[in-house]
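Participant: Same order as they appear, the protein sequences are chains A and B.
The numbering of the first sequence is the numbering used here, which starts it at 1 and goes up by one.
The numbering of the second sequence is the numbering used here, which starts it at 1 and goes up by one.
It should be emphasised that the hints constitute simulated quantities derived from the structure, not laboratory data.
No experiment lies behind these values; they were computed from the predicted model shown.
Check each hint, because a few of them may be wrong.
Just so you know, same-sequence chains aren't split out, so a pair can sit in one copy or run between any two.
[What the hints assert, rightly or not] Derived pair list, reagent style DSS-like, types lysine-lysine, alpha-carbon separation capped at 25 angstroms: (1) Lys58 / Lys15; (2) Lys168 / Lys93; (3) Lys100 / Lys85; (4) Lys184 / Lys160; (5) Lys100 / Lys86; (6) Lys136 / Lys95; (7) Lys182 / Lys86; (8) Lys182 / Lys168; (9) Lys168 / Lys71; (10) Lys85 / Lys184; (11) Lys184 / Lys93; (12) Lys15 / Lys136; (13) Lys136 / Lys182; (14) Lys71 / Lys93; (15) Lys71 / Lys160; (16) Lys136 / Lys85; (17) Lys86 / Lys71; (18) Lys85 / Lys58; (19) Lys184 / Lys100; (20) Lys58 / Lys182; (21) Lys71 / Lys15.
Listed below are the residues making up each chain.
Number of protein chains: 2
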Amino acid sequence: MELMDAIRGRRSIRKYTDDMPSDDDIGYILEAARQAPSWANTQCWEFVLVTDAETKEKLATTLPETNPAHKAVTMAPVVIVVCAKKGISGHFKGKAVTDKGDWLLFDVALALQNLTLAAYERGLGTVHTGFFDSRKAEEIINVPDGVTVVELLPLGYPEKEGRVTPRKEIQEFVFYNTYGRKEK
Amino acid sequence: MELMDAIRGRRSIRKYTDDMPSDDDIGYILEAARQAPSWANTQCWEFVLVTDAETKEKLATTLPETNPAHKAVTMAPVVIVVCAKKGISGHFKGKAVTDKGDWLLFDVALALQNLTLAAYERGLGTVHTGFFDSRKAEEIINVPDGVTVVELLPLGYPEKEGRVTPRKEIQEFVFYNTYGRKEK
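So that you can see chain A by itself, here it is in the shape it has in the complex (with noise of 0.2 angstroms):
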C-alpha cells in the first residue's frame, strides 16, 4: 500500500468481527512499530499483545462507561496493553533534561502510528484508548515498578468502515518565520 493512501485512510475502528489476525499480520504490524525512531534511540516501548477473554475483560473494566471505545475492549480479538519503561525517554544520567520531563509518550507515540498504519494495509483495525486508569490495568497485568502502561489498543478486523473525521485545514495550524505569521 502507497504510504499516503495508509495515511488518509487509516480510521479508529470500535466495533470488530471475531476473527483473529495472522501471526504473519501481528508480526508485520509489530515490525513496524520496531522500526520508529526514539529518544537516542532508547525504544522505551513494550507492548503485551491480550487475547485471553478473561483478561479483555478486566480491562475493559479500567475505561469509564462514558469513553466510546469501552466496548471495543472486548470485542476485539487482540487488545495490545501499550507500555513504557519509565525514567528513560527525555532522559541523561536518570534526569529529565527538558521541560516536558518524561518523553515516553512522544516515543510510543511514534512507534504506534508505524504500528496502526501497518495494520490498515493488513486490514485491520485499531483505536487509541488513552481515557482509562491506567495503575489498575497495570495491576491486571502484573507491570512491575518503572514501568507504566500509556494505552490500550484493540485491534482486529473492521465490523464496518470506520467514520471520516474533519481536520483543521492547513494554514490553521502553519505559520512562517514566527509564531502566528500566515506569510511566508
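Keeping the supplied structure of chain A fixed, place chain B upon it in accordance with the hints.
Facilitator: Positioned in the frame of chain A, the structure of chain B alone reads:
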C-alpha cells in the same frame, strides 16, 4: 512509495544541502501530519516553518553543543518549530483525566511520524531534536501563553545517507497476556 519501505528506510539526518524543498513537497508533508489521529480529534499541533537565516541561528543557540543535531538547525534550509496547545489533549473540560497529564507529546508524535515518513518519500531528511531549551525557543518565535515548543525538526535534502541504527528484536519488547510472559 510503499508504506513499509518508508517505515524501514527513514533515517535521522543531521547534514543537509542548501537546496530548498519545493512548496509542493512541503504541502505534501504537512498534509501527512494533518491526517494524524489525536485525543478526541483535538489536533493540538502547530508548526512554525523557519527559513530565515537569523532566526535559525538564534534557534541553534537553544541546543547544547553536545546535541549531535546542533549544526543541523543552521544547516537545514527549513527548521520546523513544532508547537502544541497545552491543556487540550488528555483533558476533558479543562482537566487532565489520566495520570499522564497532558497528552500533547503523544498527539504531536503521531503527526510527526506521518510527517517524517512523507518527507522521506519525497527525498527529504529530518531529525527529531528534543534536547534544547524550549523556553528560549518560545521567546525567539514569540509563542503565546498556552502554547509550548515541543521540538525543532530540521528539514532538507540529506548531504549523505543516514546511518542505520540497531533495533531491539521483537521478542525483547513483546509479551503475551501478562507482562513478562514470552509464550503465546
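Participant: All the hints need checking, so say for each whether the structure fits it.
Facilitator: Taking the hints in turn, this is what the structure says about them:
| no. | hint | result |
| --- | --- | --- |
| 1 | Lys58 / Lys15 | within (18 angstroms within a copy, 49 angstroms between copies) |
| 2 | Lys168 / Lys93 | between (40 angstroms within a copy, 21 angstroms between copies) |
| 3 | Lys100 / Lys85 | both (16 angstroms within a copy, 13 angstroms between copies) |
| 4 | Lys184 / Lys160 | neither (43 angstroms within a copy, 28 angstroms between copies) |
| 5 | Lys100 / Lys86 | both (13 angstroms within a copy, 12 angstroms between copies) |
| 6 | Lys136 / Lys95 | between (27 angstroms within a copy, 20 angstroms between copies) |
| 7 | Lys182 / Lys86 | between (39 angstroms within a copy, 21 angstroms between copies) |
| 8 | Lys182 / Lys168 | within (15 angstroms within a copy, 43 angstroms between copies) |
| 9 | Lys168 / Lys71 | neither (29 angstroms within a copy, 33 angstroms between copies) |
| 10 | Lys85 / Lys184 | between (41 angstroms within a copy, 22 angstroms between copies) |
| 11 | Lys184 / Lys93 | neither (41 angstroms within a copy, 35 angstroms between copies) |
| 12 | Lys15 / Lys136 | within (24 angstroms within a copy, 46 angstroms between copies) |
| 13 | Lys136 / Lys182 | between (46 angstroms within a copy, 22 angstroms between copies) |
| 14 | Lys71 / Lys93 | between (42 angstroms within a copy, 23 angstroms between copies) |
| 15 | Lys71 / Lys160 | within (15 angstroms within a copy, 49 angstroms between copies) |
| 16 | Lys136 / Lys85 | within (17 angstroms within a copy, 29 angstroms between copies) |
| 17 | Lys86 / Lys71 | neither (29 angstroms within a copy, 29 angstroms between copies) |
| 18 | Lys85 / Lys58 | within (23 angstroms within a copy, 34 angstroms between copies) |
| 19 | Lys184 / Lys100 | neither (30 angstroms within a copy, 36 angstroms between copies) |
| 20 | Lys58 / Lys182 | between (49 angstroms within a copy, 21 angstroms between copies) |
| 21 | Lys71 / Lys15 | within (8 angstroms within a copy, 48 angstroms between copies) |
Hint check: violations occur at hints 4, 9, 11, 17, 19; the rest are consistent with the structure.
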